[in-house]
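The chain contents come next:
2 protein chains.
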Amino acid sequence: MTENHESHYTENVQEHLQQVQHLLDKHALVETLAHKQEMPRAERHELVDKLLHKQHLAELREKLGSLHSADVAYILEALPIEQRLLVWDLVKADRDGDILIEVSDAVRETLIATMSSDELREAAERLDTDEIADLAPDLPHAVMRDVFKSLSIEEREQLRSAISYPEDAVGALMDFDMVTIREDVTLEVVSRYLRRFDELPDHTDQLFVVDRNDLFKGVLPLHRLLVNEPDVPVAKLMIADTIKLHSNEKAEQAAQAFERYDLVSAPVLDDDGRLVGRVTVNTVVDYIRSESESDVLNLAGLREEEDIFASVWKSAKNRWMWLALNLCTAFFASRVIGGFENTIEKFVALAALMPIVAGIAGNSANQTTTIIVRSLALGQITPANARRLISKELAIGVLNGLVWGGIAGLFAYYLYRNALLGVILTSAMLLNLLLGALAGLLIPLLMHRMGRDPAIGSSVMLTAITDSGGFFIFLGLAALFMSH
Amino acid sequence: MTENHESHYTENVQEHLQQVQHLLDKHALVETLAHKQEMPRAERHELVDKLLHKQHLAELREKLGSLHSADVAYILEALPIEQRLLVWDLVKADRDGDILIEVSDAVRETLIATMSSDELREAAERLDTDEIADLAPDLPHAVMRDVFKSLSIEEREQLRSAISYPEDAVGALMDFDMVTIREDVTLEVVSRYLRRFDELPDHTDQLFVVDRNDLFKGVLPLHRLLVNEPDVPVAKLMIADTIKLHSNEKAEQAAQAFERYDLVSAPVLDDDGRLVGRVTVNTVVDYIRSESESDVLNLAGLREEEDIFASVWKSAKNRWMWLALNLCTAFFASRVIGGFENTIEKFVALAALMPIVAGIAGNSANQTTTIIVRSLALGQITPANARRLISKELAIGVLNGLVWGGIAGLFAYYLYRNALLGVILTSAMLLNLLLGALAGLLIPLLMHRMGRDPAIGSSVMLTAITDSGGFFIFLGLAALFMSH
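Residue numbers (the working numbering), protein chains in the order written: chain A, 1118 to 1601; chain B, 1118 to 1601.
Derived from the structure by calculation, the hints contain no laboratory data. Don't take every hint at face value.
Note: identical chains are not told apart, hence a pair may lie in one copy or across any two.
[Claimed, not checked] Cross-link-like lysine-lysine pairs, in silico, DSS-like; alpha carbons within 25 Å at most:
#1 LYS1509 / LYS1434
#2 LYS1361 / LYS1334
#3 LYS1180 / LYS1361
#4 LYS1509 / LYS1353
#5 LYS1266 / LYS1353
#6 LYS1509 / LYS1431
My request is simple: use the sequences and hints to build the entire structure.
Below you can see the structure in the form of structure tokens.
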């Protein structure tokens, strides 16, 4: 990654955010600029420049200039849209590309929307090919065509290959900044070769040994280069038995390999064993973080990461699919209750107790699913132990049914002085907990077998089953045994 | 980390798991051993050895011997308890420590339970001090005392300091394997110094420059050592403006710094600016993964990571707290409904419709909380923009209330041919969505201000509010306007 290594590092970027916000607040022009938001960027820039004699804005520009690109990206994320665009205007144009790479998709969209084709082209051309590939989906076609033309033949090939991989393939995490050497030279020769570089690519912890056809032979860790005498040949020190990633593999596999083996970089080979790129730990960290974030977002039924300052309309759209699905299942559950209106009319206590049956089983089923989804992701569930898990979860269901169902039954008996009602409540909770345990186990297992991500959508199905199932079981039992 | 670098690496550890399971299945002794589970480890070991002439067990031992410690740990996680202990017995004793470090807390407990004090002491003594500190909570006091005695004075100091930090402090992530140099020497001298090492510590991407009092001066990246001429002095090439972590800082801050700046290692200083340790990216990756996992587990109300093969009793205990809390809120909601039994008796349709009001608002509030918790974790929410977020979430609540409440109202009107009922349902949903939006925003903000983790327990409070609130609003409106 082409980064500005001379900018300041900080453990606590939030201090910088507060300083920037303070400067923005002091700067009364914010409101004026907010009105000009619809202006093209160039004009706004002009206006901003005209006002640059204002001290606060100059201070702000200076402050931003001293920050690392990643910190500017962080600050842009945390600012409301009009302040964000003001800050974006003040950032030096030659860092645009680096910053666009760092911000989230939602914020990137708002920034790109204000840039002209020329600005976008210039920003993209300053990036490495693997970074251009990351930006590609957000860039207009015409810009991408121009950028493509500006690249060397080798770079075009890299860009084409980087764009071609699906988001969850190792190829999408890959960069092309590897240093390669031959096995028949000595460390002395390698050292002299390295001294011809101004700078080694970031995260170069090992050199890749290839033959003249780019066939991968092994790696030479920099550590070995440093602790051994200069006259030893590479062939003697290189490690052939090292982790080798393949560009079509799942990215998650690569991430797990980085975690297990504490890697900093790893070679990526094509089907013929040729070295085509490398994956570095910083990309893996970003991948792990974004995967775990989308897990949490998906659990709440959010389709994508949300810019907290996005418009009401945009945020609502992000959340609607889920609410619509839930409304459908709620309508269904409502019709299940509707079918027992006669029974409820006679024993109105049923209406007060039925949410208990549905709620506890829903929570318990959700716990089961969470554990299963996690084990599936780690590949810990095999056909050999699936049956064992089913009996275990059913046993927990019985235990929970007796304990919590028993307590609920006593609660009902105490309130309504009706032993039969208590027994029916306990039985309904027991049965619904078993139903929930089965559903909580089988839904993710089936989704996994069908090749779908079990983390997405499991919970809406679960709730549908434990709600409707709970109402049906409880009201059904009551209709059977209490109507006489 | 002291690792066996000659063992095999693999992208796909699941293949190995399947091979091990296959060997275990072929091996009919598993059942026999399961009965002996209560024997002390030494006796079982003897028994296992006696049976070692059996070909499958020998094959299994060989297979395990060829695997990387991290892969053995992975396989142990994925095996049911009796097979796990059999495999654990077959693993060479000198890798026990490495493997104990790699497995999850729940599985570590099951492994340690089978080991004698001597075995535990030997395993611990083979580890680095920062690793011993990780194991410490699981080791018996007597073992820890013996281990402590076996250490050098410097190591004792390290161990004491590593144990003293809370789990979420930078100090808990720290190791002591840093290579330090002085600023007044040339690269030539540094290179000669490094050649005296057999091996550099893992993740050494930079050397730490200190003065004779251990005061931190800067870092010398290995890259600079490699690309520059030998006669340049360290002082000219070292970077003083680099990230500096502090041992008492929050680990999450350090993790975010690693992500933002793509670090491989970072120095840790004490309050006087003395270098006390370093943090490396592999520890940060583990930290990020375990944090994101506990987020997901906490959302479902699981207290801790669960060994999927733990006993029913143990698993149930892990899940009970949450279910008990939910039962309490369900009882409360039930009493709210109970207060309107007269109204429900007259209009039994209310019973069928009320779960819709509660459910949709609960889901919507949960979405709000998820977004707020994420922004809080990133430090993006400041007093300056909190008010703006409140108006935005309320606006989304109004929009959702009109859209989904409207649809639900039409549904009710269509089913029951009662326009007033439809209007009441729509109004109740609108009001409850607003209540949910407020609760979804304020609960995590308040918990954060009180210094508590907003990800834990927010959802049980939310459900309590949207359930009870929803029933109260809907039934209350109905009682007011439909009783005439």
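Hint numbers not upheld by this structure, sorted from lowest to highest:
Hints 4, 5 contradicted; others consistent.
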